[in-house]
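Protein chains: 2
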Amino acid sequence: MLSSSPTKYAVALFSGFQALDVFGPLDALNILSASTPLELHLLSTTLAPVSTTPVKDPIAGAIGQCVVPTHTYQDAPKDIEVLLVPGGQGTRNPELTQPVVDFIASTFPKVRYLLTVCTGSALAARAGVLDGRNATSNKLAFDWITSNGPNVKWIRHARWVQDGNIWTSSGVSAGIDMIYAFIADQYGQEVADSVATSSEYSRNTDSTNDPFSGLA
Amino acid sequence: MLSSSPTKYAVALFSGFQALDVFGPLDALNILSASTPLELHLLSTTLAPVSTTPVKDPIAGAIGQCVVPTHTYQDAPKDIEVLLVPGGQGTRNPELTQPVVDFIASTFPKVRYLLTVCTGSALAARAGVLDGRNATSNKLAFDWITSNGPNVKWIRHARWVQDGNIWTSSGVSAGIDMIYAFIADQYGQEVADSVATSSEYSRNTDSTNDPFSGLA
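Which chain is which? The protein sequence lines are A and B, in order.
Numbering (full-length UniProt numbering) for the first sequence: 1 to 216.
Numbering (full-length UniProt numbering) for the second sequence: 1 to 216.
Take these hints with a grain of salt, some might be off.
[What the hints assert, rightly or not] Stretch by stretch, here's where chain B covers chain A in the computed footprint (C-beta under 8 Å, at least three residues):
| id | segment |
| --- | --- |
| 1 | 39 to 53 |
| 2 | 63 to 74 |
| 3 | 98 to 106 |
| 4 | 143 to 155 |
| 5 | 163 to 175 |
[To be verified] If you anchor each label on the Cβ, the simulated ranges turn out as follows:
| id | chain 1 | residue 1 | chain 2 | residue 2 | range |
| --- | --- | --- | --- | --- | --- |
| 6 | A | PRO94 | B | GLU190 | 39 to 45 Å |
| 7 | A | ARG112 | B | ALA60 | 47 to 53 Å |
| 8 | A | THR7 | B | PRO94 | 30 to 36 Å |
The set of hints was computed from the structure by calculation and includes no laboratory data.
All C-beta atoms in this analysis are idealised placements derived from N, C-alpha and C, irrespective of residue type, glycine included.
Work out the full structure: start from the sequences and follow the hints.
This is how it looks when you write it as structure tokens:
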């Protein structure tokens with residue numbers, strides 16, 4: 001571990017988040033934390049379990065899972081170094097996600113890194129923190145997402161994009177490739193390779209290799 | 001959807017399950033359920049949230065997440081069609097996982113399909129249901145896992161193995177490739193392709209393409 005590597009992570013949860021947007025990156029961080037001690041906070045508007053099924057307009061017959069938050073946005077620890085924002089159907093609800101957007105806006109100046117997966121970039125765009133930055137997002141929802149950030153330099157063809165301290169990934173599974181690139185950048189290539197091997201994950205290590213950009 | 005496709009799923013949780021073993025397959029099923037209504041039950045010994053961090057001998061500095069079960073093993077619905085058993089550090093605890101092993105043993109004769117991910121196959125092996133069957137598992141832990149099932153035909157080189165109504169995958173991420181193969185088998189190739197595209201996931205569609213078998 002490099003001496004400056006971050007150790008304090010938080011995830012911004014909301015009703016209707018995409019499970020793999022969260023647990024793809026977190027599973028890699030869980031494995032990493034067995035050798036590199038980390039802290040993780042799961043944030044939500046209340047301490048009630050948060051479902052991957054949106055509370056508003058859920059799809060009939062759609063299944064979901066509930067995750068237990070550790071802190072509210074209001075009581076979130078002040079020393080978060082890395083904030084991860086997932087996407088999911090819930091991002092389509094401007095009212096319910098406003099607390100997430102407000103939290104990103106107020107917290108971004110204090111964190112070292114902001115990571116978004118999938119349509120999580122729409123929330124970051126609404127917070128204004130992506131203005132003038134290169135960013136990417138889910139490809140099937142690209143037109144809707146980009147409408148949330150007219151001043152963002154949206155990159156259509158990218159598995160993930162790093163611009164300074166902001167990392168944004170394409171849809172869902174792309175968050176896994178992004179977190180491994182982030183781990184390699186922050187903790188070293190050997191550490192990233194070791195975690196990926198433990199997970200038996202075949203990484204896409206080229207951010208410009210985007211098999212799904214044609215969907216956008 | 002084929003008329004005989006399963007719709008009733010359950011996941012066997014336990015303290016110290018691997019997050020991606022559960023949420024890799026479940027995220028694909030979550031997406032599938034938006035067009036194909038499904039039922040999902042998350043089972044545990046009690047209704048208390050279940051952590052990916054094992055309650056016994058947790059690693060200092062290791063992070064984890066808690067998921068809310070929907071039923072206990074004792075009160076599990078009787079009409080489960082597909083039982084998914086994840087792996088994880090918790091599988092190393094024979095005492096705490098005994099209720100899972102007992103549940104697999106008593107439920108297997110009634111389910112249509114049993115799916116295991118990673119070291120989840122060690123629990124299925126202990127339940128005796130893999131005896132005489134071809135199966136695979138996590139490659140870094142292969143020797144330990146196979147010691148749990150001396151009468152199982154363990155396949156070292158496989159991303160996943162299907163033997164009749166039992167599907168077993170290699171470590172962690174391999175569960176994602178297996179669930180897409182299962183979805184293709186049960187709901188059709190087009191459905192599997194559509195879900196994978198929504199997830200921007202580049203599938204490994206060849207069960208014999210195992211980049212990690214050399215670790216075993």
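Right, here's what the structure says about each hint:
Coverage of the segment 39 to 53 of chain A by chain B holds in this model, with 5 residues showing a Cβ closer than 8 Å to a Cβ of that chain against a need of three. For the segment 63 to 74 of chain A, the proposed coverage by chain B is satisfied: 6 residues have a C-beta within less than 8 Å of a C-beta in that chain, meeting the threshold of three. Counting residues of the segment 98 to 106 of chain A whose C-beta lies closer than 8 Å to any C-beta of chain B gives 0; at least three are required, and the coverage claim is violated. With 0 residues having a Cβ less than 8 Å from any Cβ of chain B, the segment 143 to 155 of chain A misses the three-residue criterion, and the hint is violated.
Residues of the segment 163 to 175 of chain A with a Cβ under 8 Å from some Cβ of chain B number 5, which satisfies the need for three, so the listed coverage holds. About 34 Å separates the C-beta atoms of PRO94 (chain A) and GLU190 (chain B), a value inconsistent with the hinted range of 39 to 45 Å. In this structure the hint that ARG112 (chain A) and ALA60 (chain B) lie 47 to 53 Å apart at CB is violated, the actual value being about 24 Å. Remark: the range hint 30 to 36 Å for THR7 (chain A) to PRO94 (chain B) is upheld by a beta-carbon distance near 33 Å.
Hint compliance for this structure: hints 3, 4, 6, 7 are broken, all remaining hints hold.
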